[in-house]
Amino acid sequence: MQSDLSTLSAVRLVEGYRKRAFSPVEVLSQTLDTIAALNPALNAFALLDPDSAMETARASEARWMRGEPAGLIDGVPTTVKDLAVAKGWPRYGGSNTLPAEPAPDTFDGPQVARLREEGAVLLGKTTQPEFAWKGLTDSPRFGITRNPWNLERTPGGSSGGAAAGVAAYMGPLALGTDGSGSVRLPAAFTGLAGLKPTYGLIPQHPRATHMGDIVHTGPLARGVADVALMTQVMSGPDRRDWTSPPHSIRCFDTLTPRMKGLRIAFSPTLGFAAVEPGVAAIVRRAVDKLAGLGAEIDEVDPGFEDTRDMIDMIYKAGAACTAYAMPEEARARMDPKYLAFATSGLGFSATEYVAIAKMKRDALCARMVAFHETYDLLITPQMGLTAVPADESLHPPSYSHWFDFAPFCYPFNLTQQPAATVPCGVAADGLPVAIQIVGPKFADALVLDASLAAEQAFGFEPLSRERAFENCNEFQREKKGHAHA
0 MQSDLSTLSA VRLVEGYRKR AFSPVEVLSQ TLDTIAALNP ALNAFALLDP
50 DSAMETARAS EARWMRGEPA GLIDGVPTTV KDLAVAKGWP RYGGSNTLPA
100 EPAPDTFDGP QVARLREEGA VLLGKTTQPE FAWKGLTDSP RFGITRNPWN
150 LERTPGGSSG GAAAGVAAYM GPLALGTDGS GSVRLPAAFT GLAGLKPTYG
200 LIPQHPRATH MGDIVHTGPL ARGVADVALM TQVMSGPDRR DWTSPPHSIR
250 CFDTLTPRMK GLRIAFSPTL GFAAVEPGVA AIVRRAVDKL AGLGAEIDEV
300 DPGFEDTRDM IDMIYKAGAA CTAYAMPEEA RARMDPKYLA FATSGLGFSA
350 TEYVAIAKMK RDALCARMVA FHETYDLLIT PQMGLTAVPA DESLHPPSYS
400 HWFDFAPFCY PFNLTQQPAA TVPCGVAADG LPVAIQIVGP KFADALVLDA
450 SLAAEQAFGF EPLSRERAFE NCNEFQREKK GHAHA
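The numbers in numbering that gives the first Met the number 0 rise by one with no breaks, and the one at position 67 of the sequence shown is 66.
Simulated from the structure, these hints should not be mistaken for laboratory data. All of these numbers come straight from a predicted model, not from anything done at the bench. Treat the hints with caution; some may be incorrect.
Said to hold, decoys possible - In silico DSS-like pairs for lysine-lysine, Cα to Cα no more than 25 Å straight-line:
hint, residue 1, residue 2
1, Lys440, Lys357
2, Lys288, Lys259
3, Lys315, Lys357
4, Lys440, Lys259
5, Lys315, Lys359
6, Lys315, Lys336
7, Lys479, Lys359
To be verified - DEER-style ranges, computed between Cβ atoms:
hint, residue 1, residue 2, range
8, Thr208, Leu345, 13 to 21 Å
9, Ser392, Glu116, 24 to 32 Å
10, Lys357, Glu151, 35 to 43 Å
11, Ala324, Gly142, 36 to 44 Å
Glycine included, C-beta positions come from ideal geometry on N, C-alpha and C.
When you get a sec, could you build the whole thing from the sequences and use the hints?
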């Protein structure tokens with residue numbers, strides 16, 4: 000048996016299964032060993048179901064032995080975010096407002112159903128902040144989730160458990176969601192590739208209707224090819240989601256690195272965002288490499304002001320809807336910061352909501368449609384800084400709220416455009432830096448083709464499995480030392 004099977008990409012795993020070089024059972028066994036060793040330090044899982052995963056892996060192994068794989072990811076270990084609907088598993092929401100043992104869901108949401116149909120080995124559900132409300136992952140229910148690059152830092156949020164798991168080789172594919180950066184922010188903080196696809200391309204049920212139409216489902220992986228593979232698996236129409244388009248996307252089947260001849264806008268700050276000098280320098284060097292591939296790159300801003308007021312209103316109003324649908328005794332068990340955030344959403348009038356979250360947003364969307372008549376793609380830094388402390392009380396004053404460090408993320412939830420994260424370097428503090436590649440709606444395949452070209456040009460190395468083990472072991476030793484002091 001090949002060693003370190005847990006380090007292989009989904010694409011490589013499927014190739015190996017096809018050649019009978021190794022089996023899904025062998026891969027799952029090594030993946031579960033990695034989870035057992037590292038999850039106590041990282042806290043990436045809200046629920047782990049090894050028995051179900053092994054049953055699925057054995058069925059997959061039998062299919063591969065017959066030469067009859069179920070689909071594109073048959074036998075690939077995969078995680079889903081806590082808020083996803085998965086038959087037989089509960090949703091905890093990272094919250095103590097729910098029962099100690101919530102009732103398991105009785106059906107699969109569209110994304111999970113398609114993962115199963117294509118043969119994925121579902122490991123369990125990953126951690127998130129309470130009701131997936133913020134850009135780092137801690138919760139009253141599950142505590143702090145940590146970044147395997149540096150366990151004193153956050154993996155981001157709200158898909159932080161998903162990102163920590165993939166970065167630490169606890170499965171190569173993860174299902175996340177992105178309401179204002181919740182796939183891309185963790186991908187950037189943990190050195191992963193990620194995609195917020197065009198809204199509706201990956202259907203959702205139930206939809207997060209209290210948040211309007213800004214919450215996208217998207218994949219996280221250690222490479223762009225795996226992101227394209229998972230996107231293709233999950234995309235396509237579903238009658239339960241009226242926003243889903245009448246077609247699926249063949250982005251993996253057609254995936255080809257593409258940069259030459261593209262007209263690209265590079266916006267270092269979007270015209271308003273703060274970027275730390277070290278991060279800015281790494282991003283600029285990365286963009287210079289793309290110009291060397293034959294892209295025509297202009298340094299230009301897309302021409303809109305900070306959209307914080309729009310996303311702030313939608314988020315706060317949605318949080319208020321969630322919190323104040325619950326009895327007072329349940330609200331008393333919420334994260335106090337979430338409750339304060341939700342309570343502030345009670346103050347908006349319907350007139351204000353229409354003027355800002357509707358009319359002003361429409362103007363933003365129209366602006367980006369016009370912008371992409373000139374430019375095929377827009378490139379920005381994904382984040383203006385590297386991963387912030389996992390302990391929110393230690394955040395710099397300039398980043399007192401997570402929206403402060405996500406200005407490159409939330410505008411493109413409002414516009415519903417595809418946006419990919421591609422790691423491009425490591426900063427002086429030893430943490431990863433990434434660019435964001437944004438395209439017009441339904442240009443997801445182009446975004447992924449360009450992302451693959453960028454990934455190949457950058458030559459970024461994900462965190463090694465050995466380093467993940469070293470970091471987790473050191474953290475556990477220090478933790479025990481403090482406990483005995």
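Structure-based check of all given hints:
no.: 1; hint: Lys440 - Lys357; verdict: holds (18 Å)
no.: 2; hint: Lys288 - Lys259; verdict: holds (12 Å)
no.: 3; hint: Lys315 - Lys357; verdict: holds (15 Å)
no.: 4; hint: Lys440 - Lys259; verdict: holds (21 Å)
no.: 5; hint: Lys315 - Lys359; verdict: holds (17 Å)
no.: 6; hint: Lys315 - Lys336; verdict: holds (12 Å)
no.: 7; hint: Lys479 - Lys359; verdict: violated (52 Å)
no.: 8; hint: Thr208 - Leu345: 13 to 21 Å; verdict: holds (18 Å)
no.: 9; hint: Ser392 - Glu116: 24 to 32 Å; verdict: violated (44 Å)
no.: 10; hint: Lys357 - Glu151: 35 to 43 Å; verdict: holds (41 Å)
no.: 11; hint: Ala324 - Gly142: 36 to 44 Å; verdict: violated (26 Å)
In summary, the numbered hints that this structure violates are 7, 9, 11.
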